[in-house]
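I would like the entire structure built from these sequences, with the hints used as guidance.
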Amino acid sequence: MAIAFDRDRGMAMLSLMVRSRLFEQKVEALFSSHEMHGTTHLAIGQEAVHAGVSPALDPNDWIVTTHRCHGHTLAKGSSVEAMLAEFFGLSNGLAKGLGGSMHLLDLEHHNAGSSAVVGSGVALATGMALQLKRMDSPNLVVAFFGDGASNRGVVHESMNMASIWGLPVLFLCEHNLYGMSSCADEMVSVDSIAKRGVAYGIESSSVDGNDIEVVYAAVQDAAAYIHKEGKPYLLETKTYRFSGHSKNDQRVYRTREEERVWSQKDPIKILRDRMVSRGHLTEEEFKRLEVQEQAVLDDIAEHLIKQRHELTLDEAYSYMYADGGSR
Amino acid sequence: MRKLSYREAIREAMVEEMARDEQVVVIGEDVGCYGGCFKVTPGLIERFGTRQVIETPVSEEGLVGVAVGAAMMGMRPIVEIMYGDFSTLAADPIINHAAKMSFMTAGQVSVPMVYRTPMGSGTGAAAQHTQSLEVLFTNVPGLKVIYAATPADAKGLLKSAVRDPGPVIFLEHKLYGTEDIVPEGEYTIPIGQADIKRQGTDVTIVTYGKTVFTAFEAAQILEDDEVSVELVDLRTLRPLDTATILASVRKTGRVVVVHEAPGFGGFAGEVIAQIVEDPATFAALRAPVARVCGKELPTPFNKTLEMQLPPSPHAIVDAVLALFPSAV
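Residue numbers (this note's numbering), protein chains in the order written: chain A, 1 to 327; chain B, 1 to 328.
None of these hints come from the bench; they were simulated from the model.
Be a bit skeptical, because a hint or two may be false.
[What the hints assert, rightly or not] SDA-like mimics (lysine to any residue), calculated; alpha carbons at most 20 Å apart, straight line:
| hint | chain 1 | residue 1 | chain 2 | residue 2 |
| --- | --- | --- | --- | --- |
| 1 | A | Lys26 | A | Phe242 |
| 2 | B | Lys39 | B | Thr123 |
| 3 | A | Lys133 | B | Glu55 |
| 4 | A | Lys231 | B | Arg51 |
| 5 | B | Lys295 | B | Thr281 |
| 6 | A | Lys133 | B | Gln23 |
| 7 | A | Lys247 | A | Glu35 |
| 8 | A | Lys269 | A | Leu90 |
| 9 | A | Lys231 | B | Ala19 |
| 10 | A | Lys306 | A | Ala29 |
| 11 | A | Lys133 | B | Asp21 |
| 12 | B | Lys295 | B | Ala126 |
| 13 | A | Lys133 | B | Gly74 |
| 14 | A | Lys133 | B | Arg51 |
| 15 | A | Lys133 | B | Thr304 |
| 16 | A | Lys231 | B | Thr201 |
| 17 | A | Lys133 | A | Val214 |
| 18 | A | Lys238 | A | Val190 |
| 19 | B | Lys159 | A | Asp323 |
| 20 | A | Lys269 | A | Glu35 |
| 21 | A | Lys231 | B | Thr50 |
| 22 | A | Lys133 | B | Gly49 |
| 23 | B | Lys159 | B | Asp318 |
| 24 | B | Lys159 | A | Gly325 |
| 25 | A | Lys195 | A | Arg152 |
| 26 | B | Lys159 | A | Ala322 |
| 27 | A | Lys133 | B | Thr123 |
| 28 | A | Lys133 | B | Glu22 |
| 29 | A | Lys133 | B | Ile45 |
| 30 | A | Lys133 | B | Pro57 |
As structure tokens, this is what we get:
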């Protein structure tokens, strides 16, 4: 099931997960110090999924992500500077400061953006796949969604349509056990969301979402199936959000003991230890990696904090209609 | 001069646009061999095949979301939702997604989608298939909203809607059999331009959609009372052609705004606000502004009751005459 990364692949994936983790921690710190406003949804603990999906696919495959989209966006190759600039609301951000942390997009890297209405992006991804198929494109669309969104009617509608039309959609369920505060054990009718694939005639599987070698291999297998069979696929990755749902979440709905148990399955630790045991990495190299990634992030953030390049209201108006037309 | 029915004019617009651009795709429930709930789409699947006519399951939210996603990738979908009432189901992809896509992406992604759906009562279909829900859309920045009354306007405006780079809500009334002159050949009507359907000097009636015909009837009755009515058909609700409304009201000094939707919180309130907020137009008013709207009631099934729901010609006549107290 899993594949063993060679040293280069392992280093690339470990670096990406570390960058994602440090990025989230940086964002958390900037929100805590009120240097960023609004809200944010961190994916600390889910790095194996955030980093393990897009690199396993063709760079021209598309993603449609969710409100918890930072790692997905990094994994598609977006610049940290353009992402953080968006979080600061600056005009050099990915969406010129009009979208914010829940609406990252990067067309150059085939990231079509994220819907912050959980589950709604799944329909958009399905429609994108419809057009890709119509135009005989060889590419697929990844529709990210969580266990919470799995209960949205539109997710069911989209899976049904993708199935009857044979669309190239990889339905990627990031099952992190909690929809905001509600535990999937009480909110989801099945112990594995992959089981719902059966209802739509969609092939599916459920894998350990904290082991990036497992995620990577499962995504490649799913993509191969989609291309070979001309059908969608539902892949459930079981993981855990170490962080709260959004800022100010005191995590009153779960125990510290539960968090401690999951922390043993830290996706970064799993790959790091494995690479060390394979002789692909030393502790010193890992420390250096963390220091380097942190330094890059700190530099960018420090530089952006001083910037005040913001759109004017008139410029914002000009984007409301695609033809730039009247209000 | 040839005549076409409202449904034929809409169909002709779609046929022409689909032939012009293979990215124009009709998407909806029962739009294939059945020809759509109100028989607007017969013949399309036979001519254009399943590449340009996509029949969907009963999944309004999903199919409109799919159309939005496809439009993001270059398709120009014309979505048909069989009853305007089901816009409640499709509200998320329209209001939360299509309307905001260009803005939230700072112009990087657009959604060139047309959302066609019929509104209004008179069909005996009771309260869940007869509403006039245009204000669901008119209060959402980022959407354009068209509600054409005549076959010729419907054809020209639908073609403009298809060519618009952003999402356009195209509302239809259910008098699909209404015939009128439709010009031969290629033409479009710009979105955002009202049309003066009848010139007059004493009072302006502003309306749109089905009640254009009701207002026209009222205007003819008022001729007997020697009241000259200017009838402004908005055709587009957003962007609103305020200039045409204001010019007409400044000319006549009196205005009645008419629509079938309930008046409370309805679009007439917006039209009236535009009028009274403009100092020159306010100063030109010779009587209080008035509106004639649908009853504040879910549509009853009973036919006698249902017929009393929308504005009648006589209700409009009464409202107009009330603006001339000295004449009574």
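Evaluated hints:
no.	hint	result
1	A:Lys26 to A:Phe242	holds (15 Å)
2	B:Lys39 to B:Thr123	holds (15 Å)
3	A:Lys133 to B:Glu55	holds (16 Å)
4	A:Lys231 to B:Arg51	holds (18 Å)
5	B:Lys295 to B:Thr281	violated (29 Å)
6	A:Lys133 to B:Gln23	holds (13 Å)
7	A:Lys247 to A:Glu35	holds (13 Å)
8	A:Lys269 to A:Leu90	violated (34 Å)
9	A:Lys231 to B:Ala19	violated (30 Å)
10	A:Lys306 to A:Ala29	holds (17 Å)
11	A:Lys133 to B:Asp21	holds (18 Å)
12	B:Lys295 to B:Ala126	holds (14 Å)
13	A:Lys133 to B:Gly74	holds (12 Å)
14	A:Lys133 to B:Arg51	holds (10 Å)
15	A:Lys133 to B:Thr304	violated (51 Å)
16	A:Lys231 to B:Thr201	violated (65 Å)
17	A:Lys133 to A:Val214	violated (28 Å)
18	A:Lys238 to A:Val190	holds (13 Å)
19	B:Lys159 to A:Asp323	holds (16 Å)
20	A:Lys269 to A:Glu35	violated (30 Å)
21	A:Lys231 to B:Thr50	holds (18 Å)
22	A:Lys133 to B:Gly49	holds (15 Å)
23	B:Lys159 to B:Asp318	violated (37 Å)
24	B:Lys159 to A:Gly325	holds (18 Å)
25	A:Lys195 to A:Arg152	holds (16 Å)
26	B:Lys159 to A:Ala322	holds (17 Å)
27	A:Lys133 to B:Thr123	violated (40 Å)
28	A:Lys133 to B:Glu22	holds (14 Å)
29	A:Lys133 to B:Ile45	holds (19 Å)
30	A:Lys133 to B:Pro57	holds (19 Å)
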